[in-house]
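A.B. asks: The lines below spell out each chain.
Number of protein chains: 2
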Amino acid sequence: MRTVEEHLQSVLAGVEPLSPLDVTLVDARGCVLAEDVTAPWPLPAFDNAQTDGYAVKASDLLAASDGKPVTLRVIDDVPAGYRASVEVREGSAIRVQTGAPLPEGAEAIVPMDWTDGGTAEVKVTRSIARGANVRRRGDDVPLGEVVCSRGTVLGPREIALLAAVGRGRVSVHPEPRVVIISIGSELVEPGMPLSPGLIADSNGVTIAAAVQEAGAIAYRVGPLPDDATTLLATLEDQLVRADMIVTTGGVSAGAYDTVKDVLSRLGTVEFTTVAMQPGMPQGHGTLGPDDTPIFTLPGNPVSAYVSFEVFVRPVIRRMLGHAQIYRPVVRAVLVDPLPSPAGRRQFARGHLAVEEGRYVVRPAGGQGSHMLGSLAQANALVVVPEDITEVKPGTAVAVLRLDQD
Amino acid sequence: MRTVEEHLQSVLAGVEPLSPLDVTLVDARGCVLAEDVTAPWPLPAFDNAQTDGYAVKASDLLAASDGKPVTLRVIDDVPAGYRASVEVREGSAIRVQTGAPLPEGAEAIVPMDWTDGGTAEVKVTRSIARGANVRRRGDDVPLGEVVCSRGTVLGPREIALLAAVGRGRVSVHPEPRVVIISIGSELVEPGMPLSPGLIADSNGVTIAAAVQEAGAIAYRVGPLPDDATTLLATLEDQLVRADMIVTTGGVSAGAYDTVKDVLSRLGTVEFTTVAMQPGMPQGHGTLGPDDTPIFTLPGNPVSAYVSFEVFVRPVIRRMLGHAQIYRPVVRAVLVDPLPSPAGRRQFARGHLAVEEGRYVVRPAGGQGSHMLGSLAQANALVVVPEDITEVKPGTAVAVLRLDQD
Numbered sequence: 138m139r140t141v142e143e144h145l146q147s148v149l150a151g152v153e154p155l156s157p158l159d160v161t162l163v164d165a166r167g168c169v170l171a172e173d174v175t176a177p178w179p180l181p182a183f184d185n186a187q188t189d190g191y192a193v194k195a196s197d198l199l200a201a202s203d204g205k206p207v208t209l210r211v212i213d214d215v216p217a218g219y220r221a222s223v224e225v226r227e228g229s230a231i232r233v234q235t236g237a238p239l240p241e242g243a244e245a246i247v248p249m250d251w252t253d254g255g256t257a258e259v260k261v262t263r264s265i266a267r268g269a270n271v272r273r274r275g276d277d278v279p280l281g282e283v284v285c286s287r288g289t290v291l292g293p294r295e296i297a298l299l300a301a302v303g304r305g306r307v308s309v310h311p312e313p314r315v316v317i318i319s320i321g322s323e324l325v326e327p328g329m330p331l332s333p334g335l336i337a338d339s340n341g342v343t344i345a346a347a348v349q350e351a352g353a354i355a356y357r358v359g360p361l362p363d364d365a366t367t368l369l370a371t372l373e374d375q376l377v378r379a380d381m382i383v384t385t386g387g388v389s390a391g392a393y394d395t396v397k398d399v400l401s402r403l404g405t406v407e408f409t410t411v412a413m414q415p416g417m418p419q420g421h422g423t424l425g426p427d428d429t430p431i432f433t434l435p436g437n438p439v440s441a442y443v444s445f446e447v448f449v450r451p452v453i454r455r456m457l458g459h460a461q462i463y464r465p466v467v468r469a470v471l472v473d474p475l476p477s478p479a480g481r482r483q484f485a486r487g488h489l490a491v492e493e494g495r496y497v498v499r500p501a502g503g504q505g506s507h508m509l510g511s512l513a514q515a516n517a518l519v520v521v522p523e524d525i526t527e528v529k530p531g532t533a534v535a536v537l538r539l540d541q542d
Numbered sequence: 138m139r140t141v142e143e144h145l146q147s148v149l150a151g152v153e154p155l156s157p158l159d160v161t162l163v164d165a166r167g168c169v170l171a172e173d174v175t176a177p178w179p180l181p182a183f184d185n186a187q188t189d190g191y192a193v194k195a196s197d198l199l200a201a202s203d204g205k206p207v208t209l210r211v212i213d214d215v216p217a218g219y220r221a222s223v224e225v226r227e228g229s230a231i232r233v234q235t236g237a238p239l240p241e242g243a244e245a246i247v248p249m250d251w252t253d254g255g256t257a258e259v260k261v262t263r264s265i266a267r268g269a270n271v272r273r274r275g276d277d278v279p280l281g282e283v284v285c286s287r288g289t290v291l292g293p294r295e296i297a298l299l300a301a302v303g304r305g306r307v308s309v310h311p312e313p314r315v316v317i318i319s320i321g322s323e324l325v326e327p328g329m330p331l332s333p334g335l336i337a338d339s340n341g342v343t344i345a346a347a348v349q350e351a352g353a354i355a356y357r358v359g360p361l362p363d364d365a366t367t368l369l370a371t372l373e374d375q376l377v378r379a380d381m382i383v384t385t386g387g388v389s390a391g392a393y394d395t396v397k398d399v400l401s402r403l404g405t406v407e408f409t410t411v412a413m414q415p416g417m418p419q420g421h422g423t424l425g426p427d428d429t430p431i432f433t434l435p436g437n438p439v440s441a442y443v444s445f446e447v448f449v450r451p452v453i454r455r456m457l458g459h460a461q462i463y464r465p466v467v468r469a470v471l472v473d474p475l476p477s478p479a480g481r482r483q484f485a486r487g488h489l490a491v492e493e494g495r496y497v498v499r500p501a502g503g504q505g506s507h508m509l510g511s512l513a514q515a516n517a518l519v520v521v522p523e524d525i526t527e528v529k530p531g532t533a534v535a536v537l538r539l540d541q542d
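These protein sequence lines are chains A and B, in that order.
Residue numbering for the first sequence follows the working numbering, beginning at 138 and increasing consecutively.
Residue numbering for the second sequence follows the working numbering, beginning at 138 and increasing consecutively.
Treat the hints with care, as some may be off.
Given that identical chains are not distinguished, each listed pair holds provided it fits within a single copy or across any two copies.
Here are the simulated SDA-like pairs of lysine to any residue, each with C-alpha atoms no more than 20 Å apart in a straight line [to be verified]:
(1) K529 <-> D473
(2) K397 <-> D250
(3) K397 <-> G254
(4) K529 <-> P474
(5) K397 <-> Y463
(6) K205 <-> G268
(7) K397 <-> T188
(8) K205 <-> P179
(9) K529 <-> G275
(10) K194 <-> S264
(11) K194 <-> G502
(12) K194 <-> R210
(13) K260 <-> T188
(14) K260 <-> V377
(15) K529 <-> P478
(16) K529 <-> M417
(17) K205 <-> G254
(18) K194 <-> A266
(19) K397 <-> R139
(20) K397 <-> M249
(21) K205 <-> D398
Don't read these hints as lab results, they were simulated from the structure.
Keep in mind it's a predicted model, so treat the numbers as computed, not measured.
Based on the provided sequences and hints, a complete structural model is requested.
C.D. replies: Below, the structure is given as structure tokens:
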């Protein structure tokens with residue numbers, strides 16, 4: 138029997154971020170940058186007006202006041218996006234819009250509300266310092282600076298800067314395409330009628346949603362019956378589009394072990410037991426010409442979900458290029474007692490909250506691996522070490538947060 | 138001049154969650170449930186085997202031990218999804234797969250590894266309690282229980298439960314379709330060549346990414362030149378598909394006020410100044426036959442982004458049906474001094490971190506409203522009240538987190 142760490146190291150071995158792909162900036166949102174982006178020009182790229190107003194010589198306005206406004210001749214009018222056709226000389230001003238290039242000869246921008254807003258002549262009621270209301274070339278970002286480095290997760294603020302330095306596309310690690318196959322003759326697509334003894338396939342939609350939440354693309358296939366021929370054909374079909382395959386179910390001991398039946402003839406999948414609860418039976422390996430990773434998760438819904446969180450999600454996050462591939466773990470005070478199996482690490486469903494400035498966690502309902510009611514109440518997994526069989530209330534425990542990346 | 142609160146109340150007035158829409162479970166991920174979902178059957182829906190093994194009468198095994206195994210006749214073999222054809226009687230056992238319905242007459246499931254795994258006869262080496270390894274009908278969720286209530290944000294764990302109670306589709310508040318129009322004759326699509334005096338349109342992609350991050354659908358239009366006819370035609374075109382319109386730029390004082398020019402003839406947009414920095418000039422109202430909300434944000438990139446965060450994002454979150462529409466605000470200790478304008482609430486770019494167990498925040502670089510370099514370094518906005526003109530290092534300040542919902 139493997140430890141959780143041993144199995145985790147085994148499934149992560151050799152996993153690399155997916156090969157970089159050029160995508161548009163908006164499509165890059167949430168992705169990890171695969172290149173260092175440098176500024177091919179400074180920001181701003183040219184001196185420009187910080188406000189709507191008039192470009193002037195500061196020396197013309199030394200004596201300006203409310204009582205004695207100085208009158209300047211307006212010799213041009215420059216919107217943003219255009220350049221002045223003349224230069225500012227003594228006694229003249231050029232009207233400018235915010236963002237317009239600073240006209241030649243101008244020393245400052247007088248804001249509109251220090252003036253009468255005139256178009257042929259303008260009266261200015263205040264003196265002004267040289268450089269006032271001018272954004273200088275390069276005062277935000279110097280030419281050649283690395284504005285976003287490889288490994289950065291791209292959100293709106295990073296995208297703003299990449300756009301400003303002229304990037305329409307960037308190189309990122311793309312989202313892995315994960316094919317999810319649920320297996321079990323008792324499974325029916327959720328929403329379809331159930332005959333006696335059948336149940337709705339919750340694993341397919343649950344793992345698909347968890348894959349999307351991890352930042353990858355989910356393709357659902359199935360539910361498939363417990364039948365080796367069907368599974369084999371499906372795997373061969375799906376390998377073309379998959380960066381990863383995840384199966385759930387089909388791993389019962391004995392006669393109905395469809396997954397082991399098919400995958401012992403194909404690929405490099407190893408079937409192991411991992412010292413954990415839920416989720417003990419685990420399979421992992423690669424398949425097909427591209428060595429596509431495959432995970433075979435147990436069919437009990439809670440076991441499948443917990444196995445996904447503990448083993449599959451870190452692999453997806455690494456394929457996405459994230460440096461931080463694990464969910465955050467916090468210490469919290471356990472409120473209710475929690476029994477735990479000897480020799481296995483327990484991942485108990487729990488609800489984490491902040492009370493009186495500290496984290497507290499409560500086990501969330503029944504811990505049976507078929508119990509989805511308590512899973513839906515949980516926002517965290519309480520991690521109980523292998524050698525502990527009972528955690529008393531008031532004990533500090535490690536808690537894996539399911540609500541944060 | 139309005140306060141930030143006054144403008145926020147004004148833009149939120151009358152905003153309701155979008156009308157519910159039926160979507161598939163996977164499409165519902167991240168959405169807010171618009172109905173109470175009750176269990177139309179209990180979970181589990183029938184007594185079933187918790188493990189692979191043999192369904193037995195407990196009374197047959199009272200004397201079973203390693204030294205003296207009890208032999209039972211195996212009278213059927215039931216995979217999950219099927220029902221036994223006979224009932225368990227004294228001296229007999231039925232082999233069952235995990236999840237298979239408990240056969241009539243059976244009192245417990247003997248796990249496979251307490252047996253020799255026989256198919257005609259099975260030797261059992263331990264006694265067993267009645268009810269052992271049986272999942273009882275309803276022990277997870279009773280019939281008729283509300284499993285997910287209106288207002289729940291749907292993640293993988295909620296989707297698992299909804300699937301298990303047989304829902305293939307659920308009613309959620311759909312994502313608003315937000316049309317983003319950037320305006321300014323100086324703007325060029327990022328990645329296209331720039332002539333002197335022109336700049337890349339960063340607002341379009343930034344606000345589009347921020348809209349997506351808020352959970353809505355972004356459609357980018359433009360950049361458009363500062364031209365009333367073009368803007369008018371664009372607005373009329375886009376109204377058909379928009380649940381909200383956001384413009385950036387085109388609001389310079391005086392001659393180039395394209396947005397005010399067009400929207401003073403159309404809709405109910407009010408142009409106001411809000412006592413904040415950045416982001417003072419704000420416009421908001423409704424447009425068209427469906428009273429589509431429209432925001433006219435300033436063109437300075439930082440002003441546009443901060444205005445989006447402070448005013449537009451809460452409106453989007455309310456349209457999505459979220460109860461909690463604001464970003465979390467935490468108290469943090471300011472590390473460096475921060476000057477602030479009198480009479481305006483400042484939203485200064487800052488970098489929030491945890492140091493020695495407490496939140497600390499550092500102003501992130503230059504605070505000019507054109508400075509995207511410091512915006513990309515920020516993960517938070519330091520909120521400085523209107524009456525404060527200087528915050529000293531060591532002061533506790535309110536910090537709006539940009540990295541959490």
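A.B. asks: Does each hint hold? Answer for all of them.
C.D. replies: Each hint tested on the structure:
no.	hint	verdict
1	K529 <-> D473	within (7 Å within a copy, 44 Å between copies)
2	K397 <-> D250	between (78 Å within a copy, 18 Å between copies)
3	K397 <-> G254	between (82 Å within a copy, 18 Å between copies)
4	K529 <-> P474	within (5 Å within a copy, 47 Å between copies)
5	K397 <-> Y463	neither (29 Å within a copy, 49 Å between copies)
6	K205 <-> G268	neither (23 Å within a copy, 99 Å between copies)
7	K397 <-> T188	between (70 Å within a copy, 18 Å between copies)
8	K205 <-> P179	neither (40 Å within a copy, 86 Å between copies)
9	K529 <-> G275	neither (60 Å within a copy, 29 Å between copies)
10	K194 <-> S264	within (10 Å within a copy, 101 Å between copies)
11	K194 <-> G502	neither (75 Å within a copy, 30 Å between copies)
12	K194 <-> R210	within (12 Å within a copy, 106 Å between copies)
13	K260 <-> T188	within (17 Å within a copy, 90 Å between copies)
14	K260 <-> V377	neither (73 Å within a copy, 47 Å between copies)
15	K529 <-> P478	within (14 Å within a copy, 54 Å between copies)
16	K529 <-> M417	neither (25 Å within a copy, 55 Å between copies)
17	K205 <-> G254	within (16 Å within a copy, 106 Å between copies)
18	K194 <-> A266	within (10 Å within a copy, 97 Å between copies)
19	K397 <-> R139	within (18 Å within a copy, 68 Å between copies)
20	K397 <-> M249	between (77 Å within a copy, 17 Å between copies)
21	K205 <-> D398	neither (96 Å within a copy, 34 Å between copies)
When held up to the earlier numbered hints, the structure conflicts with 5, 6, 8, 9, 11, 14, 16 and 21 and fits the remainder.
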